[in-house]
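Using the hints, build the complex out of the two chains.
Residue numbers (this note's numbering), protein chains in the order written: chain C, 31 to 304; chain E, 58 to 385.
Some clues are possibly wrong.
[What the hints assert, rightly or not] The calculated lysine to any residue pairs, modelled on SDA-like cross-linking and capped at a C-alpha distance of 20 Å, are:
| id | chain 1 | residue 1 | chain 2 | residue 2 |
| --- | --- | --- | --- | --- |
| 1 | C | Lys225 | C | Arg188 |
| 2 | C | Lys247 | C | Val232 |
| 3 | E | Lys130 | C | Glu200 |
| 4 | E | Lys160 | C | Gly212 |
| 5 | C | Lys225 | E | Leu186 |
| 6 | E | Lys130 | E | Thr110 |
| 7 | E | Lys226 | E | Arg324 |
| 8 | E | Lys144 | C | Leu197 |
[Claimed, not checked] Taking beta-carbon pairs under 7 Å as the criterion, some of the chain E residues facing chain C (in silico):
| id | residue |
| --- | --- |
| 9 | Val128 |
| 10 | Gln129 |
| 11 | Phe135 |
| 12 | His145 |
| 13 | Phe154 |
| 14 | Gly155 |
[Said to hold, decoys possible] Beta-carbon label-pair distances, calculated as ranges:
| id | chain 1 | residue 1 | chain 2 | residue 2 | range |
| --- | --- | --- | --- | --- | --- |
| 15 | C | Leu54 | E | Asp165 | 56 to 64 Å |
| 16 | C | Leu54 | E | Trp231 | 54 to 62 Å |
| 17 | C | Gly198 | E | Gly120 | 30 to 38 Å |
| 18 | C | Val296 | E | Arg161 | 24 to 32 Å |
If you are wondering where the hints come from, they were derived from the structure by calculation, not from laboratory data. Glycine included, each C-beta is placed from N, C-alpha and C at the ideal position.
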Amino acid sequence: MAERHRYPKGPTTYVLRALVVAYLALLVAWPVALVVTNTFEHGDEALRTILEDPDMQAALRLTAVAAVVATAINTVFGVSVSLLLVRNQFPGKRALSALLDLPLSVSPIVVGLALVLVYGGRNGWFGPSLEESGFQVIFSTPGIIMATAFVSLPLVIREVVPVLQELGTEQEQAAQSLGASGWQTFWRITLPSIKWAVIYGVVLTLARSLGEFGAVKVVSGNILGETRTATLAVEEKYLNFDQEGAYAIAFLLASVSVLAILVVFVLRSREARR
Amino acid sequence: MSIDVSGVSKRYGDFVALDNINLTLPTGQLTALLGPSGGGKTTLLRIIAGLETPDGGSVVIEGNDATRLPVQKRNVGFVFQHYAAFKHLSVARNVAFGLEIRKRSKADVKAKVEELLALVHLSQFADRLPSQLSGGQRQRMALARALAIEPTVLLLDEPFGALDAKVRKELRDWLRRLHDEVHVTTVFVTHDQEEALEVADEIVVINEGRVEQVGTPDQLYDQPANDFVMGFLGEVTTVGDVRVRPHDVEVAVAPGVPGAVTGTVRRMLRIGFEVRISVATEGDAPDVTVVMTRTHARQLELAEGTRVWLTPAAGATTMAAARDAVPA
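Bound conformation, chain E alone (with noise of 0.2 Å):
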């Protein structure tokens, strides 16, 4: 019951940003808000830390209604994509702003921001300024600038969005280990759905400005609510009139499989060790696209113009089609 979010909605002149979302974040929990840009997830976010006021509904941490308490009374900790680090601020005053404005005692606030640096690996780097740090350093420090108020919760806004691929992969590992060891409520925001399904305990799917669908990466991998959470956690192709994974489709060579849809191989793509292919299958529906491993390829020999029998693997993930839907 750490954050309960009842009825929120937002709205930015004719733009609705967030319509009536209910929602309950458990306490200590690594939750994720996913979805497209523009989609309300930041807005929400930005809600539940008191940076934006909701046109209506209420927000409650922790059993204490926030609704009407402005930021600096919330004690969320809050995490910027661009880091937001205090420029003139060497990385140790940075990490010390929340205690000094606290008041606590300069012995406290010593011990804490070494305590905070070396949590987030920036000891050797206290007295550097922000503009001495990488991408990745800086948003290390902005996250123990955030932790030092000991925040009630965390909030993240894409905070590894900025930063090049590699380095998101180490930070992505890196803050699973840091709230497995503080066990702080913690929420980011992402439009990545690999960072919200490695990272996070939770994910909220959220688009236009509604809540989409709520559980673990697992129930929302496998039991997807709509066509929407399936087709934005992976991508999907139509069998006939099934939705299914590219590499939930079984490709037969030979006919015979029952239900199975005819089609003829039109291209074959290897993508190191995949290989994409696009099958055209009879009538105007769309190509389906099967993904399978090299191997796998060459066993069946398949090439362009081979004759081939799709069924949707037995176990796998499907969704009947709409059939008007375009596929995402």
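Chain C with its partners taken away, still in its complex shape (with noise of 0.2 Å):
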């Protein structure tokens, strides 16, 4: 990289440069600093509060179990639906892929109000029978999963469709004329020629699902120590002018997120310098 080469500078690319560092500053870098600053105001006595209450415990490891088996879900569904689309021609795929980012485009209430319209325990569309043969949707666990997993359904997905179309089939047709089953090259040779798209993925996904608010919010119930989530229990704090509780929960939520978005970059890095 010593020898990269530079354009020269104008007074554009300066201006250019103040605009960009100017908006991240004022959108992003200043928000979330406050955020740090806030929960550290007295020390760590806000944090340790939040950790030892065994209610906010439980919204977090509530937060948690959501996050990871919507994300474990959405992997695997999203790796499979990608090869799907790639990999095969079929009716209506144009429709399929243009479903898929459905979850996306769709405000995350509506998605909370339409899982309420086909499991709710009242009277939803197949909520009720669920219900009967003892299994709880809404006001539970597996809908908070259900919603938290349909608001990140399309992120997988759509970092890893284009790697696999640049991929090309050669590789894998290779590995079947040297005997490989469909089982073994799709582990030897086609997720590892992906797997940088799936772990973008995976992170995105996990970081959108912790952070997940309004779908959940509809959904959970909110009730304390059982269904309230991590963002749950900052929106409660905050408008009960606990402030600092609220504060804290938000610098725990971000800090996973930057955590693994830096986890990412250092093996990102560590790979490239083999």
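Spelled out as structure tokens, the structure:
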């Protein structure tokens, strides 16, 4: 990289740079930094209070479980759908592709309401029959996981599809001519080739899932210590004038996302150096 | 009888890629499938490999009916035009792939990989990634990978097509020598007649989904079965009602040769030691192209405007020209 070509820099370059830096600072860096400073205004007291509160522990645990399960589902589903979309021709393929973008364009509140319409215990489509057989979806963990999975559904697919298209099928055909079964080809050739796309997709999905608010708010019922997730707890605390507590949970949520991105960044640069 | 293809057809929608192909490729030989792009030769190769299924007909490899066998079970080595290197695996792991799938012992794999890398002169690159190799090196790696599984037949799809002219020529010689060493039945696809003539024991000319001719390079060159084969293997010109190669045209600067075609030199173009001469003949026939050495042209004192009398050389490969045929 030592001999990287440099373009001559005119005044436009500096003006553009200043604009970008100012925009990012005002919109992202400064507000996030304020969350951090507010959290630690009285040392680590706010954080400790949150972490020692059993209800908050439950909220954080619920958020972690919902995010991890939703991410796992969307990773398996996302990779399968990507393979289906890229490697197969079938009627309705474009419609399916468009449908997969729906969760990104629809408001999460709508997602929540839609799930209640189908799975609601009292008058949903088959919510009542599910509930009779002892499986509650809405106002319970399955509903929270479903809402979270719904809103983060396309993220893995959108990362993996272009990489699969770029990859082509020759390496897979070569592996098969060397005797590899479909499953062996997937594990030994396809998956390693799309590894980074999958990892990025997983990180984005995880970050999105941790932060989901609207859809979860509708389906969870927001019962303290049971179906209240971390994001819902932030709102609750904020509205109840416990701003320090709200900032502390917000800080925890943000740190996990930042950490995930950092881990990928480090792994990636180590891989590149090889 | 190594590879028997009988009655194989393949269509893509309305396009007939292969039309009732019958072909026998003997064991241990190096065969070229030669023909223009889109003529069906790659489709035939992929059907032999099992990467494509024929609409009808059968493929028998070493006496075993392979028509319904998936590619994994055919034990064929396949080399792709664009190498199809496993980008995330080192050169050694690429070569080891087929052996690892076959669950050979670690020591076996290691020994075999070392042997093959030595064979393709890549021993010192064993730990590199494919992206750190040149095109020619990558293709040699792909060849070693295909040979590792000790295939019944080795199939190569335009193996040198993506390489530059010099590397291509080197690899061509090298493939010939390698084949003399390992003797595996080999079929390669090419659209380059020079490559086929130079490397192959036998050439199958395929055009528009049909086999035009099968024979040794000499047979094809000296006794082409039809106009297409003659035209595809080298340049052809028409003298009177005879089709002949431009370097097989005798030029006289005085009349008196029986059956000669009279004409006038229209243009002379020198390319290295060669001179290409366009001769305008009487009537509305297209110009005759003649190729001779520079020295010969000088001996005859040819110049633009010289009157010449043309005859096909004695012993030259000739073919009666179809009157309405447009020369290729």
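Going through the hints against the structure:
Restraint check for C/Lys225 and C/Arg188: the C-alpha separation of about 14 Å stays at or below 20 Å, so the hint holds. About 23 Å separates the Cα atoms of C/Lys247 and C/Val232, which puts this hinted pair outside 20 Å; it is violated. This hinted pair checks out: E/Lys130 and C/Glu200 have alpha carbons roughly 18 Å apart, not beyond 20 Å. Our distance criterion of 20 Å between C-alpha atoms is met by E/Lys160 and C/Gly212, whose separation comes to about 16 Å.
For the suggested pair C/Lys225 and E/Leu186, the alpha carbons sit about 17 Å apart, so the restraint of at most 20 Å is met. Restraint check for E/Lys130 and E/Thr110: satisfied, since their Cα atoms lie roughly 14 Å apart, inside the 20 Å limit. The straight-line distance between the Cα atoms of E/Lys226 and E/Arg324 is roughly 32 Å, outside the 20 Å bound, and the hint therefore fails. Restraint check for E/Lys144 and C/Leu197: the C-alpha separation of about 10 Å stays at or below 20 Å, so the hint holds.
Interface hint at E/Val128: satisfied, since its Cβ lies 5 Å from the closest Cβ of chain C, which is below the 7 Å cut-off. Taking 7 Å as the C-beta cut-off, the interface hint given for E/Gln129 holds, the closest approach to chain C being about 5 Å. Interface restraint check for E/Phe135: the shortest CB-CB distance to chain C comes to about 4 Å, inside 7 Å, so the restraint holds. Below 7 Å, beta-carbon pairs count as interface contacts, and E/His145 has one with chain C at about 5 Å; its hint therefore holds.
Hint on E/Phe154 holds. Least Cβ distance to chain C is approximately 5 Å, under the 7 Å limit. With a least beta-carbon distance of about 4 Å to chain C, the hint placing E/Gly155 at the interface is held under the 7 Å criterion. In this structure, C/Leu54 and E/Asp165 meet the distance hint of 56 to 64 Å, their C-beta atoms being roughly 57 Å apart. In this structure, C/Leu54 and E/Trp231 meet the distance hint of 54 to 62 Å, their C-beta atoms being roughly 56 Å apart.
In this structure the hint that C/Gly198 and E/Gly120 lie 30 to 38 Å apart at CB holds, the actual value being about 35 Å. Take C/Val296 and E/Arg161: their Cβ atoms lie about 37 Å apart, and the range 24 to 32 Å is violated.
Violation of the numbered hints given earlier is confined to hints 2, 7, 18; the remaining hints are satisfied by the structure.
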